[in-house]
Structure formats: structure tokens, C-alpha cells
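Asker: Could you put the whole structure together from the sequences, leaning on the hints where they help?
4 protein chains.
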Amino acid sequence: YGKNTIKFLRLHREGKKHFVKEVEVCTHLRLTSAQEYLDGNNSLVIPTDTIKNIVLVLAKKNGIPTLEQFAIDICKHFMTTFSQVVYVKTYVQEVPWQRLHENGVPHIHSFICVPDGIRFCEAEQCRNGPLLVFAGIKDLKLMKTTQSGFEGFYKNEHTTLPERNDRILCGELFCKWSYGECRNFDFDCIWYTNKIRECILEAFSGPPDCGEYSPSYQKTVNRIQMLVLSKVSQVQVIEVILNNIFYDVVDMKNLGLTNDKEVLVPVETPYGSCTCTLGRKKFLEA
Amino acid sequence: YGKNTIKFLRLHREGKKHFVKEVEVCTHLRLTSAQEYLDGNNSLVIPTDTIKNIVLVLAKKNGIPTLEQFAIDICKHFMTTFSQVVYVKTYVQEVPWQRLHENGVPHIHSFICVPDGIRFCEAEQCRNGPLLVFAGIKDLKLMKTTQSGFEGFYKNEHTTLPERNDRILCGELFCKWSYGECRNFDFDCIWYTNKIRECILEAFSGPPDCGEYSPSYQKTVNRIQMLVLSKVSQVQVIEVILNNIFYDVVDMKNLGLTNDKEVLVPVETPYGSCTCTLGRKKFLEA
Amino acid sequence: YGKNTIKFLRLHREGKKHFVKEVEVCTHLRLTSAQEYLDGNNSLVIPTDTIKNIVLVLAKKNGIPTLEQFAIDICKHFMTTFSQVVYVKTYVQEVPWQRLHENGVPHIHSFICVPDGIRFCEAEQCRNGPLLVFAGIKDLKLMKTTQSGFEGFYKNEHTTLPERNDRILCGELFCKWSYGECRNFDFDCIWYTNKIRECILEAFSGPPDCGEYSPSYQKTVNRIQMLVLSKVSQVQVIEVILNNIFYDVVDMKNLGLTNDKEVLVPVETPYGSCTCTLGRKKFLEA
Amino acid sequence: YGKNTIKFLRLHREGKKHFVKEVEVCTHLRLTSAQEYLDGNNSLVIPTDTIKNIVLVLAKKNGIPTLEQFAIDICKHFMTTFSQVVYVKTYVQEVPWQRLHENGVPHIHSFICVPDGIRFCEAEQCRNGPLLVFAGIKDLKLMKTTQSGFEGFYKNEHTTLPERNDRILCGELFCKWSYGECRNFDFDCIWYTNKIRECILEAFSGPPDCGEYSPSYQKTVNRIQMLVLSKVSQVQVIEVILNNIFYDVVDMKNLGLTNDKEVLVPVETPYGSCTCTLGRKKFLEA
Chain A
652 YGKNTIKFLR LHREGKKHFV KEVEVCTHLR LTSAQEYLDG NNSLVIPTDT IKNIVLVLAK
712 KNGIPTLEQF AIDICKHFMT TFSQVVYVKT YVQEVPWQRL HENGVPHIHS FICVPDGIRF
772 CEAEQCRNGP LLVFAGIKDL KLMKTTQSGF EGFYKNEHTT LPERNDRILC GELFCKWSYG
832 ECRNFDFDCI WYTNKIRECI LEAFSGPPDC GEYSPSYQKT VNRIQMLVLS KVSQVQVIEV
892 ILNNIFYDVV DMKNLGLTND KEVLVPVETP YGSCTCTLGR KKFLEA
Chain B
652 YGKNTIKFLR LHREGKKHFV KEVEVCTHLR LTSAQEYLDG NNSLVIPTDT IKNIVLVLAK
712 KNGIPTLEQF AIDICKHFMT TFSQVVYVKT YVQEVPWQRL HENGVPHIHS FICVPDGIRF
772 CEAEQCRNGP LLVFAGIKDL KLMKTTQSGF EGFYKNEHTT LPERNDRILC GELFCKWSYG
832 ECRNFDFDCI WYTNKIRECI LEAFSGPPDC GEYSPSYQKT VNRIQMLVLS KVSQVQVIEV
892 ILNNIFYDVV DMKNLGLTND KEVLVPVETP YGSCTCTLGR KKFLEA
Chain C
652 YGKNTIKFLR LHREGKKHFV KEVEVCTHLR LTSAQEYLDG NNSLVIPTDT IKNIVLVLAK
712 KNGIPTLEQF AIDICKHFMT TFSQVVYVKT YVQEVPWQRL HENGVPHIHS FICVPDGIRF
772 CEAEQCRNGP LLVFAGIKDL KLMKTTQSGF EGFYKNEHTT LPERNDRILC GELFCKWSYG
832 ECRNFDFDCI WYTNKIRECI LEAFSGPPDC GEYSPSYQKT VNRIQMLVLS KVSQVQVIEV
892 ILNNIFYDVV DMKNLGLTND KEVLVPVETP YGSCTCTLGR KKFLEA
Chain D
652 YGKNTIKFLR LHREGKKHFV KEVEVCTHLR LTSAQEYLDG NNSLVIPTDT IKNIVLVLAK
712 KNGIPTLEQF AIDICKHFMT TFSQVVYVKT YVQEVPWQRL HENGVPHIHS FICVPDGIRF
772 CEAEQCRNGP LLVFAGIKDL KLMKTTQSGF EGFYKNEHTT LPERNDRILC GELFCKWSYG
832 ECRNFDFDCI WYTNKIRECI LEAFSGPPDC GEYSPSYQKT VNRIQMLVLS KVSQVQVIEV
892 ILNNIFYDVV DMKNLGLTND KEVLVPVETP YGSCTCTLGR KKFLEA
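Residue numbers (my numbering), protein chains in the order written: chain A, 652 to 937; chain B, 652 to 937; chain C, 652 to 937; chain D, 652 to 937.
Any given hint could turn out to be false.
A pair counts as met if it fits within one copy or between any two copies, since identical chains are not told apart.
No farther apart than 27 Å at their CA atoms in a straight line, the calculated lysine-lysine pairs in the DSSO-like style are these [as the list claims (entries may be wrong)]:
(1) K667 <-> K912
(2) K789 <-> K672
(3) K827 <-> K806
(4) K904 <-> K932
(5) K712 <-> K740
(6) K846 <-> K827
(7) K667 <-> K711
(8) K667 <-> K727
(9) K712 <-> K912
(10) K712 <-> K932
Hints are computed from structural coordinates only; laboratory data are not their basis. None of the values given here were measured: they were computed from a predicted structure.
Answerer: Next comes the structure, spelled out in C-alpha cells:
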């Protein structure tokens, strides 16, 4: 049980310059006993209202240095404060506020919401177990207008899809990676300096002057995973889900026109989806 | 990988009387090899477009006798037709069309959408494993305006929630149960004759003339599970998630009024949630 | 300016039997002067927080006898209390809670949300003008699986739609009617006794044993309007919007099957829409 | 009547460099006669399916030079082709695809969706009337963390809001302006060179080094309008709607902490809203 979508904004001021971190937190607990379910005995139950208070108090006291550190702080607080908690999991996602710029000059206290991919993280811990940390990006919508095809697939009497070597590849990406057991990482450094987001964009799109041919959504997923694992040593495992939006070339023959992939209609339902989890050998063996 | 939200309507006619079943299907597969991810070799990949065609063809050929039977048919088709498939999972949910009535007379071909709980099911199978069948109801929004409280809970310096013995209990229910390994069940009979939905409503609300006191959301979840397990022998395990919407009594003192729980404001975020899975001993031990 | 989506529940008790009315209110005002826009002078501005308080206080004091009466009460309050208000408009919609029944017995305090059409109303008044009252129903999703066609329409080189005399007619209805200037109507009586909702369903679907052929969405819209105007004398004008969802018969020829309108796929975008406003002659001339 | 949410992507290629314009179009018509409503006579009705075809054909033939020009083309086509059309209105909104950049280098065919404000336009024409063109931006979410207050407002017994001279101002903006009667404007030039979007951001936030105090949402709305009218001579009238999200400073006294506006909770419902339409004198008098 737990509390979902605890939304709040943490405002940090350095002189007249303001910094905002607006987040949405979900914290879930499992207790040693199930007596509240069986007997209606609430004596060990930490109300979800108290969970919310604790999240807000920690934000007030510690701030939100990084999303990951904040999720870790919450997990540690519940584990050390409440002996009846046997498992805690915290999810944090960020509202994508960006500082406004006027003619290149950053504004000291004005922000705009730019939802081009949502950053999130997760921390979880079982009593006596390691504290595991995950991070990710979701709702990242990308498109390539060429250098994508799908050929040589399995065919039978139910196959009506034609082979294609030049189609639009468009989809919404969900990427979640594990840092393994919590260590003293500088999570923002990994995010900003190692440029995980840029890795994903680069693996999706290929070189800017020519792109790179994708023979399937699956292969694109794999390229993203390989590039992140090769560039960011702290990442142990990476899961990628690509929900694709297919663009149908409108047949204009009976309208007397030849449509050379100029006018296309997005097919939003049904949509295909592919998921893959890829990890380092050492890590998966452990 | 797979295809999500394959939406279609299956129309069945008996003379002038029409029957509709509109569903949304998601079918996911895992293949023997991951060569399409690693090498871009698509030779074993069944396109998600073909998955869609197969679902529609099965609906045309077999109809949708019950949601569960349809999900089973799909799983069986993939397992028997494609040797490269090692796992298949199919989810089916129903659009809640109900036959219209005029002065009590059922209409032969007119329907109204009544979304007071969405019926769904799931079937899954690993190669050489049993075919498992699940069913459930979701998006069922219920409210009790009394006979609910929350007292005797754990308190510390972060507790601000007062004890209450008369509050509104309101929430959205998700219930999913397992029939275990697929047998020759008459699934609609279980649904309609055993009245699983009525069980859930009854356990939530108690006797119509007085209700039954709920000391917590957790206990209400448990009551639902116990009643379903006791009344429906085919159910092996039942999971219930209750997302609660809290109603806050508006403090009207500074408006010069005493509000005796007459005017309340729903608090939609954050919301509490509790989840519990309960099964029969024999089944869980197996 | 104003306050939108003021959500609250009004609980009314008669002995142990409870009655709930959960609503969402939007109230908008126009003031005599625009000095707050031009000069930043707020001295006449009634804060939207005060608007919210007034709505809650009126609900506490008067209850919600009918949605319409409550909207009228709010408009009258603002007009009589604040001389700087020159126009007020209030919209109220109801959360569709229905009393639960167990084996036909109504429950004294348990309810289920059944969103098969949302009831709403609107009241508006200019200073020195009449108080106008509107009511309506929205999000009402209906379907006929036959007795619908579309033929004899205008054709040119851009027409690809075939003529059809047996298609599915499905759509979401929005109906809003005017009672004209506010009089001492018993609004719930009009709703329940005159059965406006039943009129709409009947006009849409025709007799239960055979239906009635609809040559177009437009004609169905007109039938709804005509029936309501003929049956409910208090209604002066009625506007109907029908957003239609087209069901496409899946072509299964290249899958080796003949699909006799048995498997159909809903086309959610783009969707057609038709709107018509129809009133009584006397009223429109006035 | 008409067709809504006609979604398509127009791909334009210049050598290996690709340009995308994905739009959503709604086109509505009024006909000379209402015989399809009254008599079920469809002979003048242009099917909404034909409307869709025409929109796609025009996109194929003309491309989408600017959103506004495309909306104008559609209106003109219906007016000149169909004598039974007495009114036509077309709305076009753009999916916010932006070209991807890798280390500052623009990618030739890869794009990312960045929904930080949606650009739209509208064109409408009555037979024998002028063709009117509107443009706008919506879903633009902005925040100032200081330099905002609300004081000196009207108070009575229902007022509980305290005066504030330092609060967060956050809201979602909808701006729509009229270019008046259609002339040979270079619409993209107005958009990009006159920087309407930048005007709005600047008027909202004030100078980057200090901001500008806003005494109310209303005054901020007015500032946006004044700046756009002063900087962009082609704009005749501008309507602005600001739906505000209030941030509540969490009271932490009973948690033993002093919260100096560091932790705030967004209040999403109810929300305030203010709307104002401002035009040039000459234009409004005409």
C-alpha cells in the first residue's frame, strides 16, 4: 500500500536567482504483518497521509539534490524509522520546467514547461537487502522520415503487410536503466555529463548527415541499449520499450494522384510495441 | 513484442435480433531467438500486422463466445501455428455496451455504453507450460457515505491525520482473479450465475439496510477477496487494488457555519492505494 | 473571469438513509470596469477563491434541490450581492452516482458511479436582463447496428465513399435545451416525469421490435429535436451535437474470408460531427 | 457539420534533407438548405469523407506553405467548388516536431516532439463575406516564482483569501489573434520575424535580470496583449485566456518546521481563469 502522485514544487533560492524542482512522488510500503487486512488491526499501519508528510518534510529539509538522491533518502528514512516496514519503493518523476531565456539571457525566476521526455527514477529496498536504484526517461516521441524498413519477415496465409525498405519510423520511447546497488554516484553528472539522453537520440537517428538504416524497431531498440551500455559505465541493465506509431501512405490512385510518400496518416490504434532488457554479463551473472 | 489495443466489434445476428461484442485486444509474443534485435535478421519475426490479422480472423471464424474463450483461442493459435513462439499472452477487455430498453422492452439492435466497471481477461502460456487464465473487472467506482473509519493507526511526529470513525469511503476498484490452469469452464456462467460482480459490490457495501463498518481500506479489500473465494469455487487467487479518493470535510468555521459532514471536497491527488493478493492454500502451495 | 471545476459532494441525510449529489461547478463573472486589466487596480475584483467559498456556502445552506435551482441560486446571489457584477454565468454538472441495489433492495448509503450520460445545466444573467436557464445531457454514447444508411449524397471527383443502406450508426450525443426565461419550473419533474433522456434514446433507436431507418446522422439529430419539442412543452430551443464514430467493415478477401459485416473496426479519427439547433417558432420570433 | 481531427503528415524533401509538417485539421460547413435534417434528402450533402479527401488532396497538391495559407486554401476550395456551401470554417493545429540536432549539427531526417505550446490557426468565410484569418498558440505552460501578488481586492464575509505580495504565478496560456480580412501576409514571417511567441514570454516574465511585478493575472493578460499589439502591426485583435494553477505553501507548523515558501503544492482543481479580448480602436470601430 502507499501514496501515489504526491505532487509538489521545491523552490530553491540563491540570492535573486531561483531554481525549481517540481516532482510527483509515489511511495509504497509492505509491512511485517497483514493484521490490518485480516483483523482490521491498524496498530502498525503508517497512514498514507503520514507518508505524504514525510515526503514533504524530507524535501523541505534536504531539498532535491538529484531525483535519485531524493528517492534514496525516502527509502532510507522508512527503513531506519519504522521497524514494521519490510519493503519500500519510491518512484519520482520530474515536471519538465526549463528556465526561460530572453535573447539568450537566462531569466532569474521564469520557467516554461517543455515536455520532450520525462525524467524519472526509482529506488527500492527489502529489509536486509541492497538499496537498488533505477533511472529513466519516458514519453520521448521521436521520428525518422527515412532510413527505416522492415523486410524478410516470417510470412504465412495471414500476412498482408508488404515488405518496405523506406518507411517512416516513429515511436514513443520508455527507457529505464539500473545502476545496481546504490553507491556514491553523482547522478546528475551521469545524466548531464555522460549525456544518456543524447545517446538515445543518437542511437535512434544515426549520423546527422545521413542517418543509419534501421531494419526493424527491434534493431533500433538494441542500438539504443548497446550505445548506452558502452558509453555509461555505471549502467548495469537497460530496458527499452518502443511503442510505434505507424504512418500509412494514403492511396490516392482513385483520386487521380500519385502519392510518393508525401501525405501519410498516423495509425494510432492498434499500435505495435517491442520491449527488450539488456544487461552486462557480469551483472546478470551475479 | 506485440500489438496493443486491437479494437473491433463482432456483430452476431439471430434473425432480426443483434448481439454486439466490442473488444480491445493486446497480444504479446516472445520468440526462440533474439536475432532480430542482435543481427537485424527478421526471418522469424511475425509482424504485428499479422498478429492483428490473426486476431480479426479468429473473431470472424469463432466469434467471441466469452472473452476468456477468445483469449484462449488466440493463445492456442499462436502456440500451435508458430514453432518460434515460446511465450504468448493475450489481454481482452470489453466495451460495456448494454442493450437499450424502451418501457422495459429490449431493443433488437440498439445499445448504450454504460461504463460502470470494465470486464477483462488474460490468458498466457509458455511453451510446454500450462495455459493460465485470469479474469477481472476494473474502473469500478464505488462510494459509502458512512460505516467507514480509520483509527488506532501508528503515530509519530509526522502524523497529522486525526482518527475518524465516520468518514466517506470512496475508491476505484481493480480486481483480477486466476482460474488456474485452463479447464472446461463455462466462463460466462461463472460471471453471470456466480455473480462475481455482485459479490464485490456486496462485500464493499454490506447489508442494504445498515451496511457494515469498515475499519480501513485494507479490511474492505480483504472482505472482497474472502467473499469471492468463498462463493466462487473456480477462483484460485484474487488480487484487489483499491485506489481511494479521500473526501475532505470543508472547514466553514471562518465562514460562520458549522459543516456537519454535509459539504465535502474530493482530494484527487495524492491518492492512497492498497493492494492485496489472496489465494487458496492448496493452490498457493502447489 | 471565474473559477472552474469547483468539485464537491453535498451529503443529505434522512434518518439513516443518505442522498448524495456530487457536482462540478464553473462560475464566471464580468465586472462594470476593466481597471484591474488596465491599471492593476483590484478594488472591485472578487477573488476566484471567494467565488469558490460562495458556491460551497450556498450548497451548505440551500442544498442542491435540483442542478438548475442551484445554478439559479448562484446567479441570483452574485447579482444581488455585488453591484460591480454586470454578467454572471454558472455551469453545473453532476457526477453520475447511483444508489446500489442488492437483490433489488436499495442500499441506504452505498453508491456506484454509472457514467452513461452526464446531466448538466447552465444559468446566466446580464444585469437588468432575464435569467436564462439551460439544461442538457452529454457524453451519451449510443449505437444502432442496422436501420441506418447514407445514400443519394452529393458526388464529385473527390468522392470515394460508397453508398450504403445498412451500416452501423454510432455516436456520442451532446444535447442542450433552453427553458427560456426562468420561471417556477419543477426541473426534476421535467427531467424525470417527462423523461427527456428516454425521448432521446427512443428517437435515436426507434421502436424496440424493428427500429426506424435513419437516412443520415442529420435526420437522426432532427428526430431527437422534434420528439423532445413535442413531448416537453417547457423546452423552447434544443441544440444537438452528434459526433459519430464510423465502423469500417474489415475487408477479408485477401485473408480468404467473406466478412458479412461481422467484424468491424471503429475509426476514431477523423470523426464526423453534425450540429443543429431547433426552436419553437414563437420563441425564436420573440 | 463537418470532419474533425483529420490528422496527417506532409513530408517535403529537398535532396536528402526532409521537412515534416504534421497537422490536425477540422473543417465545418453550413449549407444553403436544411433538407437533409428535415426531409432526409442528402442530395446537397458533401460527405465528411469527401471533406477529408479534399483536405488530403490539397495537402498533396499545394503542400503546407504555412498553417494559415493551408487553412485559407481549404476555405477557398469549398467556397469556389460548392455553390451549396454558405459558410466554411477550417481549424489547423500543428504537431510540434522539431529537427534533432547532434552536437549542434541539424539532422537531415530525424525529429523530436517538443510540445511547449501548440501553434494553430483558423480561417472562416461566409458566402459574399470576407475571408477572416486567426492564429494562435495554446497549451503554453509558464511559471514565475516571484514578482507576483494579489492585493487590495474586494472583501466581504465570504473572503478567506489572504493578501499576498510574493506568490508563484503559474498558468496555461491560450492566445488567439485576428489578422482581420485575409491579405497577402507572409504568415511565417510574422510568426518567426516578429516573434509573437517571444513577445508573450517576455510580457509574462519581464526583464531577465529582475522580472516585473504582476499585481494580478488580469494585469499579466493585459501586458501580453499590449506588447503583441504594439510589436506586431498585422494583429488587429488579441484574445488571451490564462488558466492559473495555484501553488499552496504547505503549512509545516504542526510538523515542527518553518516553510519559507520552499515546499508548495499545486492546486489543480478548482482553477481560476481570466479571459480578455483587446483590439485596435480603428478595427473595433469598423
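Asker: Give a verdict on every hint.
Answerer: Here is how each hint holds up against the structure:
no., hint, result
1, K667 <-> K912, "between (53 Å within a copy, 14 Å between copies)"
2, K789 <-> K672, "both (18 Å within a copy, 24 Å between copies)"
3, K827 <-> K806, "neither (33 Å within a copy, 36 Å between copies)"
4, K904 <-> K932, "neither (53 Å within a copy, 49 Å between copies)"
5, K712 <-> K740, "within (20 Å within a copy, 45 Å between copies)"
6, K846 <-> K827, "within (15 Å within a copy, 38 Å between copies)"
7, K667 <-> K711, "within (19 Å within a copy, 45 Å between copies)"
8, K667 <-> K727, "neither (33 Å within a copy, 47 Å between copies)"
9, K712 <-> K912, "between (56 Å within a copy, 13 Å between copies)"
10, K712 <-> K932, "neither (40 Å within a copy, 46 Å between copies)"
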